[in-house]
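> The whole structure should be built from the sequences, with the hints applied where relevant.
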Amino acid sequence: MTFDPSSAANEFSILRSSGKEGKLHYLDNAAMAHIPDCVIRAMVEHDTMRRSNVKRGVHSLAEAATAAFEGARATVAEYLGVKNPDEVIFTGGTTAGINILAHSLGLMFERNDEVLISQLEHHSNIIPWQVIQQRQGIRLRYLPVTSDGRINLERAEDLIKSRTKIVAVTHGSNVTGSITDARILARMAHEKGAFLMLDGAQTAPGGPLDIPGLEADFYLFSGHKVYGPTGVGILWGRKDILKKIPPALGGGEMIQEVGLEKSTFLDPPHRFEAGTPPVTQAIGLAAALEWLSSQDLLGMHNHLKRLTLRIMEGLTGLKNGIKILGPEIGMERLPLVSFSVDGLHPHDVCQVLNDRHSVALRGGFHCAQPFHNLLKLDGSTRASLAMYNNDKDVDAFLNGMEDCLRILR
Amino acid sequence: MSEDIYQDQIIEWSKKTDHVARLENAHCRATASNPLCGDRISVELELSGEFIKSMAYQVKGCLLCKASSSILAERAGGLGFGELTKMISELDGALKSSKDDTESFPEGYRLFYPVRFHKSRHSCVLLPFEAVIKAVSEYRDSTHK
Numbered sequence: 001m002t003f004d005p006s007s008a009a010n011e012f013s014i015l016r017s018s019g020k021e022g023k024l025h026y027l028d029n030a031a032m033a034h035i036p037d038c039v040i041r042a043m044v045e046h047d048t049m050r051r052s053n054v055k056r057g058v059h060s061l062a063e064a065a066t067a068a069f070e071g072a073r074a075t076v077a078e079y080l081g082v083k084n085p086d087e088v089i090f091t092g093g094t095t096a097g098i099n100i101l102a103h104s105l106g107l108m109f110e111r112n113d114e115v116l117i118s119q120l121e122h123h124s125n126i127i128p129w130q131v132i133q134q135r136q137g138i139r140l141r142y143l144p145v146t147s148d149g150r151i152n153l154e155r156a157e158d159l160i161k162s163r164t165k166i167v168a169v170t171h172g173s174n175v176t177g178s179i180t181d182a183r184i185l186a187r188m189a190h191e192k193g194a195f196l197m198l199d200g201a202q203t204a205p206g207g208p209l210d211i212p213g214l215e216a217d218f219y220l221f222s223g224h225k226v227y228g229p230t231g232v233g234i235l236w237g238r239k240d241i242l243k244k245i246p247p248a249l250g251g252g253e254m255i256q257e258v259g260l261e262k263s264t265f266l267d268p269p270h271r272f273e274a275g276t277p278p279v280t281q282a283i284g285l286a287a288a289l290e291w292l293s294s295q296d297l298l299g300m301h302n303h304l305k306r307l308t309l310r311i312m313e314g315l316t317g318l319k320n321g322i323k324i325l326g327p328e329i330g331m332e333r334l335p336l337v338s339f340s341v342d343g344l345h346p347h348d349v350c351q352v353l354n355d356r357h358s359v360a361l362r363g364g365f366h367c368a369q370p371f372h373n374l375l376k377l378d379g380s381t382r383a384s385l386a387m388y389n390n391d392k393d394v395d396a397f398l399n400g401m402e403d404c405l406r407i408l409r
Numbered sequence: 001m002s003e004d005i006y007q008d009q010i011i012e013w014s015k016k017t018d019h020v021a022r023l024e025n026a027h028c029r030a031t032a033s034n035p036l037c038g039d040r041i042s043v044e045l046e047l048s049g050e051f052i053k054s055m056a057y058q059v060k061g062c063l064l065c066k067a068s069s070s071i072l073a074e075r076a077g078g079l080g081f082g083e084l085t086k087m088i089s090e091l092d093g094a095l096k097s098s099k100d101d102t103e104s105f106p107e108g109y110r111l112f113y114p115v116r117f118h119k120s121r122h123s124c125v126l127l128p129f130e131a132v133i134k135a136v137s138e139y140r141d142s143t144h145k
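The listed protein sequences correspond, in order, to chains W and Y.
Just so we're aligned, residue 1 is where the first sequence starts under our numbering, counting upward by one.
Just so we're aligned, residue 1 is where the second sequence starts under our numbering, counting upward by one.
Among these hints, one or two may not hold up.
Stated by the list, open to error - Pair ranges (Cβ atoms, derived):
1) Leu375(W) with Lys134(Y): 26 to 32 Å
2) Glu110(W) with Lys134(Y): 38 to 44 Å
3) Lys119(Y) with Arg187(W): 45 to 51 Å
4) Lys96(Y) with Glu313(W): 54 to 60 Å
5) Glu24(Y) with Arg139(W): 40 to 46 Å
6) Glu24(Y) with Arg356(W): 42 to 48 Å
7) Ser294(W) with Glu3(Y): 39 to 45 Å
8) Met108(W) with Lys15(Y): 53 to 59 Å
9) Ala67(W) with Lys96(Y): 46 to 52 Å
Said to hold, decoys possible - Below 25 Å or equal to it, Euclidean Cα-Cα: the simulated BS3-like pairs (lysine-lysine) are:
10) Lys55(W) with Lys305(W)
11) Lys55(W) with Lys83(W)
12) Lys23(W) with Lys119(Y)
13) Lys60(Y) with Lys323(W)
14) Lys23(W) with Lys55(W)
15) Lys392(W) with Lys305(W)
16) Lys243(W) with Lys192(W)
17) Lys15(Y) with Lys323(W)
18) Lys99(Y) with Lys86(Y)
19) Lys244(W) with Lys192(W)
20) Lys16(Y) with Lys376(W)
21) Lys60(Y) with Lys376(W)
22) Lys305(W) with Lys23(W)
23) Lys53(Y) with Lys319(W)
24) Lys53(Y) with Lys119(Y)
25) Lys323(W) with Lys305(W)
26) Lys319(W) with Lys392(W)
27) Lys376(W) with Lys323(W)
28) Lys244(W) with Lys83(W)
29) Lys119(Y) with Lys96(Y)
30) Lys119(Y) with Lys319(W)
31) Lys15(Y) with Lys376(W)
32) Lys55(W) with Lys192(W)
33) Lys192(W) with Lys239(W)
As the list claims (entries may be wrong) - Computed, partial: chain Y to chain W, Cβ under 10 Å:
34) Ile5
35) Tyr6
36) Gln9
37) Ile11
38) Leu36
39) Asp39
40) Pro114
Just so you know, the hints here were simulated from the structure itself, not pulled from any lab data.
A virtual CB, placed ideally from N, CA and C, is assigned to each residue, including glycine.
Written out as structure tokens, the structure reads:
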């Protein structure tokens with residue numbers, strides 16, 4: 001059976017309505033994917049039938065809401081391939097999750113301890129560690145990037161030292177689309193007693209994960225990139241590690257006992273979920289993961305691989321000073337393609353494609369300015385795919401690029 | 001008027017390099033950047049009393065920022081500080097205006113009329129002004145001490 005993107009697209013109100021006008025070619029999925037109707041329905045149903053605060057109420061609605069919320073946690077655990085739902089912490093998104101981890105784990109750091117990230121990271125995996133660096137005098141080190149946009153793991157052995165507390169890197173780059181070989185890195189980190197954190201914001205949309213197989217200690221992703229709502233994400237951590245980490249954020253719902261002098265905290269995951277969590281969004285996230293898991297994932301993967309190849313070959317054929325960032329044609333990559341065009345600013349490219357061809361792209365640094373600085377680029381343009389994209393979207397993009405080069409050059 | 005941003009006029013202005021230079025006798029200089037898109041312009045001004053005598057710039061940015069820089073440098077000679085402030089205020093207001101007319105745009109800037117439909121691009125047009133105002137303000141602060 002061939003994967004049918006139009007059948008997937010049909011489950012999205014926004015795509016059905018724009019499809020009638022033949023207008024929207026949405027290729028900005030690495031920033032935010034659209035949300036299928038069933039996910040919206042799940043959230044509406046929760047808010048209209050079971051809305052109540054979770055964890056502490058004894059009335060029926062509170063119990064129903066808590067059951068739904070904890071059920072969502074179990075769904076996320078299943079998606080991650082882990083057995084214990086208590087290892088899943090609901091956050092506001094990947095950025096919020098990395099901040100929670102950096103600030104909590106950071107409380108255990110000592111001066112001159114080291115954190116190893118890479119030059120390929122999204123700002124959300126740079127700034128939180130820089131904040132800890134400034135606050136606590138730790139050292140922040142960077143893994144270099146290969147010429148084809150991968151984290152250079154050959155340098156990892158040298159850079160992971162006995163003082164390295166955590167190696168925190170992207171599982172899949174939002175700029176180059178390269179995928180990090182997590183297991184190799186995990187083993188090198190563990191050998192020196194360091195943890196491995198993977199930013200899975202771009203890899204999680206590919207379907208259910210095998211976290212134990214990756215051998216990571218922490219994993220994060222966001223709802224809005226896995227066909228779910230905004231304002232929610234997860235931080236997964238190994239239970240034995242989470243239990244040793246003090247919370248950085250305090251408030252209701254995370255405490256055992258509160259005194260005026262001292263308080264005690266609940267076990268994970270609750271100790272890391274201060275205040276009312278994003279209940280409705282968590283339920284939406286679970287609905288999105290269930291929906292995504294029910295798709296023909298192999299078919300989706302092959303479909304996206306074919307469209308990605310078409311984009312790369314089409315851009316290569318246009319020549320005209322276009323340089324594709326990341327792994328070469330034929331090498332493994334996420335379904336996204338970033339590129340630079342000599343003499344053209346990414347925002348001009350995006351504007352022309354939007355205004356004249358109804359193609360939604362993203363231009364700029366993609367929150368990865370250090371990596372662009374490294375390449376001496378003022379930004380890049382990115383086309384990123386989701387399961388509902390089809391050949392017409394790629395046609396519109398490539399025709400638009402041809403037109404763009406014609407009018408702006 | 002066409003609502004297409006990339007009209008010939010804007011593209012032509014963006015390609016002009018008449019004032020892309022350094023001023024050896026500059027009285028003041030400043031850099032302004034837009035973190036959203038990475039546009040960055042450095043301006044140098046030669047002054048005569050309360051007036052700009054000449055302007056030169058270096059710009060790394062989008063076509064709108066380049067066109068706006070080019071027009072401003074072309075028109076800057078002889079502009080008083082007061083006129084400059086009035087001009088940026090008018091341009092900012094015209095870009096934000098919901099009225100369908102080009103009249104509210106300062107002379108020479110009507111070609112940016114279509115940009116008003118794209119709020120995220122307003123700062124590309126305004127950035128050169130920001131740099132010039134910054135340069136003049138810093139100069140005035142330093143000389144009035």
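> Next, verify each hint and record whether it holds.
Hints, verified against the model:
Restraint check, Leu375(W) to Lys134(Y): a C-beta distance of roughly 29 Å satisfies the suggested window 26 to 32 Å. Under the hint 38 to 44 Å, the C-beta atoms of Glu110(W) and Lys134(Y), about 43 Å apart, fit the expected range. Distance hint for Lys119(Y) and Arg187(W): a CB-CB separation of about 49 Å, consistent with the stated range 45 to 51 Å. Distance hint check: the CB atoms of Lys96(Y) and Glu313(W) are about 43 Å apart, inconsistent with the given range 54 to 60 Å.
For Glu24(Y) paired with Arg139(W), a C-beta distance near 44 Å keeps the hint of 40 to 46 Å intact. Checked against the hint of 42 to 48 Å, the pair Glu24(Y) and Arg356(W) passes, with Cβ atoms roughly 43 Å apart. The hinted range of 39 to 45 Å is satisfied by Ser294(W) and Glu3(Y), whose Cβ atoms lie roughly 43 Å apart. Checked against the hint of 53 to 59 Å, the pair Met108(W) and Lys15(Y) passes, with Cβ atoms roughly 56 Å apart.
The hint said 46 to 52 Å for the Cβ distance between Ala67(W) and Lys96(Y), and at roughly 49 Å that hint holds. This hinted pair does not check out: Lys55(W) and Lys305(W) have alpha carbons roughly 43 Å apart, beyond 25 Å. Under the criterion of a C-alpha separation no larger than 25 Å, the hint pairing Lys55(W) with Lys83(W) is consistent with the structure, at around 21 Å. At roughly 21 Å between alpha-carbon atoms, Lys23(W) and Lys119(Y) fall within 25 Å of each other, so this suggested pair holds.
A C-alpha spacing of about 19 Å is found between Lys60(Y) and Lys323(W), which places the hinted pair at or below 25 Å, so the restraint holds. Distance check on the hinted pair: Lys23(W) and Lys55(W) sit about 45 Å apart at the alpha-carbon level, beyond 25 Å; violated. Using a Cα cut-off of 25 Å, the hinted pair Lys392(W) and Lys305(W) holds, with the two alpha carbons roughly 15 Å apart. Among the hinted pairs, Lys243(W) with Lys192(W) is consistent with the structure: their alpha-carbon atoms are about 21 Å apart, no more than 25 Å.
Between Lys15(Y) and Lys323(W) the alpha-carbon distance is near 22 Å, which keeps this suggested pair within the 25 Å criterion. Of the supplied pair hints, the one linking Lys99(Y) and Lys86(Y) holds, its CA atoms being roughly 19 Å apart against a limit of 25 Å. As the CA atoms of Lys244(W) and Lys192(W) are separated by approximately 19 Å, the hinted pair is consistent with the 25 Å bound. Our distance criterion of 25 Å between C-alpha atoms is met by Lys16(Y) and Lys376(W), whose separation comes to about 24 Å.
Between the alpha carbons of Lys60(Y) and Lys376(W) the distance comes to roughly 12 Å, so the proposed pair stays at or under 25 Å and holds. With a C-alpha separation of about 24 Å, the suggested pairing of Lys305(W) with Lys23(W) holds against the 25 Å cut-off. A C-alpha spacing of about 43 Å is found between Lys53(Y) and Lys319(W), which places the hinted pair above 25 Å, so the restraint is violated. At most 25 Å may separate the alpha-carbon atoms for a hinted pair to count; Lys53(Y) and Lys119(Y) exceed this at roughly 32 Å.
Taking the CA atoms of Lys323(W) and Lys305(W), the gap is near 19 Å; set against the 25 Å cutoff, the hint holds. Restraint check for Lys319(W) and Lys392(W): the C-alpha separation of about 21 Å stays at or below 25 Å, so the hint holds. For the given pair, Lys376(W) sits about 13 Å from Lys323(W) by alpha-carbon distance, which is consistent with the 25 Å threshold. Taking the CA atoms of Lys244(W) and Lys83(W), the gap is near 20 Å; set against the 25 Å cutoff, the hint holds.
Distance check on the hinted pair: Lys119(Y) and Lys96(Y) sit about 8 Å apart at the alpha-carbon level, within 25 Å; holds. At most 25 Å may separate the alpha-carbon atoms for a hinted pair to count; Lys119(Y) and Lys319(W) exceed this at roughly 32 Å. Restraint check for Lys15(Y) and Lys376(W): satisfied, since their Cα atoms lie roughly 22 Å apart, inside the 25 Å limit. A C-alpha spacing of about 39 Å is found between Lys55(W) and Lys192(W), which places the hinted pair above 25 Å, so the restraint is violated.
In summary, the hint linking Lys192(W) to Lys239(W) is supported, as the alpha carbons are separated by about 20 Å, within the 25 Å threshold. Interface restraint check: Ile5(Y) against chain W, minimum CB-CB distance 6 Å, threshold 10 Å, status holds. Hint status for Tyr6(Y): holds, given a least beta-carbon distance of 6 Å to chain W, under 10 Å. Interface hint at Gln9(Y): violated, since its Cβ lies 13 Å from the closest Cβ of chain W, which is beyond the 10 Å cut-off.
A distance limit of 10 Å between C-beta atoms decides the matter here; for Ile11(Y) the minimum to chain W is near 7 Å, and the interface restraint holds. With 10 Å as the threshold, the beta carbon of Leu36(Y) comes within range of chain W, its nearest partner Cβ sitting at about 7 Å, so the hint holds. Proximity of Asp39(Y) to chain W holds as hinted, the smallest CB-CB distance being about 8 Å (cut-off 10 Å). Here the hint on Pro114(Y) is kept, as its CB sits about 9 Å from the closest CB of chain W, short of 10 Å.
When the structure is compared with the earlier hints, violations turn up for hints 4, 10, 14, 23, 24, 30, 32, 36 and for no others.
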